[in-house]
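What follows is the residue order along each chain.
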Amino acid sequence: MGDSLRFDEEITILVVEDNPLNQKLADIVLKNIGCKPIYAENGEEAVQLVRQNSRIDVVLMDIRMPVMDGYEATRIIRKIYKSDIPIIGLSANAFEEDVEKALEAGMNSHIAKPYSEEEIFNVIKQWLRKRM
Amino acid sequence: MAEKENVVPSSGLINMEYIIDISRGEVATIRDMTNTALNQLIDYMQRMKGDVKEGNWEDLSFNTHKLRSSVRIIGAVTLQHKLMELEKAANTNGADIPELFEASQKITSEIIKELKQELDKLA
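Keeping their order, the protein sequence lines are chains A and B.
Count the first sequence with this note's numbering and you get residues 57 to 188, in order.
Count the second sequence with this note's numbering and you get residues 8 to 130, in order.
The shape of chain A in the complex, shown without the other chains:
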């Protein structure tokens, strides 16, 4: 894995995930590619953090979570807070219907867990570039 899979500037990523092993995975992979991860354990916490923290560049959103799921959190971020922050859905499935549901809720993209460094680097880069 070369250094080409590394951002030149630090990118702040909000990881919305309640599973401890998936959190650790995100922590390792995101730091490997030069990102700074911050965490929320459910959709409700994610909504609050997006509202309060303008330094978040991208959200990695799990789908099935307690309190508030990823679809609902995304709808609130888009419709109530009118935010265009890139939101990438993460789930155990990558079936066509899962991708469609994610996009319908307002997510920009959807990838299956576990992801490779290359996969997550490319999807973050793609949506950061489109936002600029």
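Hints are computed from structural coordinates only; laboratory data are not their basis.
Note that the Cβ used here is the ideal one computed from N, Cα and C, for glycine as well.
Any given hint might turn out to be false.
Unchecked claim - Now the stretches of chain B that chain A is said to cover, found in silico as 3 or more residues with beta-carbon under 8 Å:
hint: 1; region: 32 to 45
hint: 2; region: 70 to 84
Unchecked claim - What follows is a list of derived Cβ distance ranges for each label pair:
hint: 3; chain 1: B; residue 1: Lys95; chain 2: A; residue 2: Arg62; range: 16 to 24 Å
hint: 4; chain 1: A; residue 1: Glu153; chain 2: B; residue 2: Leu129; range: 35 to 43 Å
hint: 5; chain 1: A; residue 1: Glu175; chain 2: B; residue 2: Met91; range: 18 to 26 Å
hint: 6; chain 1: A; residue 1: Lys138; chain 2: B; residue 2: Gln124; range: 34 to 42 Å
hint: 7; chain 1: A; residue 1: Lys135; chain 2: B; residue 2: Leu129; range: 31 to 39 Å
hint: 8; chain 1: B; residue 1: Gly62; chain 2: A; residue 2: Ser110; range: 23 to 31 Å
hint: 9; chain 1: B; residue 1: Gly101; chain 2: A; residue 2: Gln182; range: 33 to 41 Å
hint: 10; chain 1: A; residue 1: Lys92; chain 2: B; residue 2: Lys60; range: 36 to 44 Å
Assemble chain B onto chain A, guided by the hints.
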């Protein structure tokens, strides 16, 4: 990174290659991830056992899904497939829930042994 040479992917019901790869072969990180995987397997199976006992299929579906979403990290493909069957059964109140849970439990018991062996190798 000198310790990297001692890290060998296991065979059987798990495959540690993914963890070794993202950890860049660093033993402390591999050990931490392996420990988390082990504790999480025990914790989720305990919750799922309670859900089956209480006939709470909604929570069973949720907890099964949560466990399923992370077992690929340790390359536990057989368990992942069995958990997918169990989750589907829980979503449809399937009569085969007890049988599928028992099968998942058996696979998990074997995986726990393998993860402990991995930890012994990393000690």
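Quick rundown of the hints versus the structure:
For the region 32 to 45 of chain B, the proposed coverage by chain A is satisfied: 5 residues have a C-beta within less than 8 Å of a C-beta in that chain, meeting the threshold of three. Judged by the Cβ-Cβ criterion of 8 Å, the region 70 to 84 of chain B is covered by chain A as claimed, because 7 of its residues qualify and three suffice. The given range of 16 to 24 Å is broken by B:Lys95 and A:Arg62, whose C-beta atoms sit roughly 40 Å from each other. Range check, A:Glu153 to B:Leu129: about 40 Å between beta-carbon atoms, so the 35 to 43 Å window is met.
Distance hint check for A:Glu175 and B:Met91: the Cβ-Cβ separation is about 21 Å, which falls inside the suggested range of 18 to 26 Å. At roughly 53 Å, the beta-carbon separation of A:Lys138 and B:Gln124 lies outside the given 34 to 42 Å, and the hint is violated. Taking 31 to 39 Å as the suggested C-beta distance range, the pair A:Lys135 and B:Leu129 does not conform, at roughly 48 Å. In this structure the hint that B:Gly62 and A:Ser110 lie 23 to 31 Å apart at CB is violated, the actual value being about 47 Å.
One distance hint, 33 to 41 Å for the beta-carbon pair B:Gly101 and A:Gln182, holds here, with the actual separation near 40 Å. For the pair A:Lys92 and B:Lys60, the supplied restraint of 36 to 44 Å holds, since their beta-carbon distance comes to about 43 Å.
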